[in-house]
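K.L.:
Sequence:
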Amino acid sequence: MKNQKGAITLLVSSFILMASLIFSLGSYKHIFYQVKRAQNEVEARKGYWAAEGGVECAFTKVSTTGSVPSTPIPECASLKLTDLQITQEMNYQIKADKLSQVVKKDFTIGGSGGDGAIQSASNLYFYSSITFTSPDPVKLGADGWECVAVRYKDKIGAFGSVSNAGVNHSIKPSSDFDNQGKDCSLEHKTNSAAGSSNFKSDFLRDDKISPFKDLFGIEPSDHNTIRDNGKFDILYGSGSENDKRLSECGTKLKNRINAGEVYIWVEGSCEITSAQYEGFSEAMNNSLNGAFIVIHDGSLSIMGAPSGAIAKDMKGVIFHFNHDYSVPTDGSNWDGSDAYSKLYPHGGKPNSLYPSEFLSTASFYQHGAFTLLGGQFFDTKDQSAIFYTSSNFKYNSDIVNELVSGLVQPRWVKGSWHDF
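Per our numbering, residue 16 is the first one in the sequence shown, and the count goes up by one each step.
Since the hints were made in silico from the structure, they are not lab data. Just so it is clear, CB atoms sit at the ideal spot from N, CA and C, and this is done for glycine as well. Just to be clear, a hint being listed does not mean it is correct.
[Said to hold, decoys possible] With a cut-off of at most 30 Å between alpha-carbon atoms, the simulated DSS-like pairs for lysine-lysine come out as follows:
1. 327 to 246
2. 396 to 267
3. 396 to 215
4. 429 to 61
5. 228 to 429
6. 61 to 223
7. 228 to 187
8. 110 to 429
9. 76 to 110
10. 197 to 259
11. 246 to 429
12. 154 to 95
[Stated by the list, open to error] Label-pair ranges, simulated between beta-carbon atoms:
13. 102 to 185: 34 to 42 Å
14. 255 to 397: 49 to 57 Å
15. 368 to 85: 50 to 58 Å
Using the sequences plus the hints, can you model the full thing?
P.N.:
Shown next as structure tokens:
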């Protein structure tokens, strides 16, 4: 009997020990699973943060160079990503992958740029001759290049000859341009001695043009973002809100360019007088890619070289941008300038050479021979630009793109953050 009780006790103890062992093994398996899961979570988060770092690395590369790099990006190699790509559809997208952790984010850089040697939201009037030695070739069609000399918003007029010299000659619109043996198509090549009555498709009306937004990719109301980006040397005119004027504007611009400034922003009206024009044009010509000059909220007049003076081709971009500036219809915005005597001669009477619809709203006036290698932009809605005597525009995308690339910064597209 005692032996039977001992056996029963031993059997019960064995069952208890086996149960404890089974429970312990089950607990260990569960703990092991939790440890492995935690380790996988840690590795996944490591992959995620590495992928996010890859997105930021690529974006920084774009920000510092002003252009979209090809992949792989050497500066991002230390992250040891599985994949890093930059693709373009409506916007650019950076996609980074590590350990199956994928992070995507969209960004945009600058605007569409737009087409045309002159891009204008202003009304335009040309008196006497205007030549486009090299228009913007845009794209090659079946009948030749679909060139654009001028892209404008509303009104355009001309008195005298208008000539588009095409792209089948030695002056190229960019250093790598290959005309493939073709010129501007006949439909995209205006040669007229009768003013604007015979404009062809190289004078392109675009009622949605917004030169500031097209170039910089932001709304004109946010223009201070560009002005205050640290790139511009800002010159302030003196006077009241709608009558600010920078005195000796041509001389000050020349001095800044000769001192090495590439980006100059003038707040207020500016006149480059005949006496100042030679030095100003020489400074623009001597600079590698010229200068990017913005005249903001004011009138701009360029009076051309005096008779007998040597005026060189100007290189660069001239951007006339009025956002909060209104033009008085009596021409008083030109008071005290050399332009006044040309626009309102004989005791202040309006010059009959110019239709009143252009003269009464004029905020830009160019007088005398004028040659620009680069691009000219007008974003002065409901205002006008008047060109007198000979003007020669030589569109050059190398100069425009090089200058603009130093200004535009990439921006994340809101709501585009994706991680999987």
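K.L.:
Confirm or reject each hint.
P.N.:
Now for the hints, and whether the structure bears them out:
Restraint check: the Cα-Cα separation between residue 327 and residue 246 comes to about 26 Å, which is no more than 30 Å; the hinted pair holds. Distance hint between residue 396 and residue 267 is fulfilled; the C-alpha atoms sit about 27 Å from each other, no more than 30 Å. Using a Cα cut-off of 30 Å, the hinted pair residue 396 and residue 215 holds, with the two alpha carbons roughly 23 Å apart. Restraint check for residue 429 and residue 61: the C-alpha separation of about 25 Å stays at or below 30 Å, so the hint holds.
This hinted pair checks out: residue 228 and residue 429 have alpha carbons roughly 18 Å apart, not beyond 30 Å. Between residue 61 and residue 223 the alpha-carbon distance is near 47 Å, which puts this suggested pair outside the 30 Å criterion. Restraint check for residue 228 and residue 187: satisfied, since their Cα atoms lie roughly 27 Å apart, inside the 30 Å limit. A distance of roughly 16 Å separates the Cα atoms of residue 110 and residue 429; the hinted pair therefore holds under the 30 Å criterion.
A hinted pair counts as satisfied when its Cα atoms are at most 30 Å apart, and residue 76 with residue 110 qualifies at roughly 14 Å. For the suggested pair residue 197 and residue 259, the alpha carbons sit about 48 Å apart, so the restraint of at most 30 Å is broken. At roughly 25 Å between alpha-carbon atoms, residue 246 and residue 429 fall within 30 Å of each other, so this suggested pair holds. Of the pairs offered as hints, the one joining residue 154 and residue 95 is violated, with about 41 Å between alpha carbons and a cut-off of 30 Å exceeded.
A hinted range of 34 to 42 Å for the beta carbons of residue 102 and residue 185 is consistent with their spacing of about 38 Å. Taken as a hint, the range 49 to 57 Å is violated for the pair residue 255 and residue 397, whose Cβ atoms sit roughly 21 Å apart. At about 54 Å, the beta-carbon gap between residue 368 and residue 85 stays in the expected band of 50 to 58 Å.
Violated hints, in rising order: 6, 10, 12 and 14; the structure is consistent with all others.
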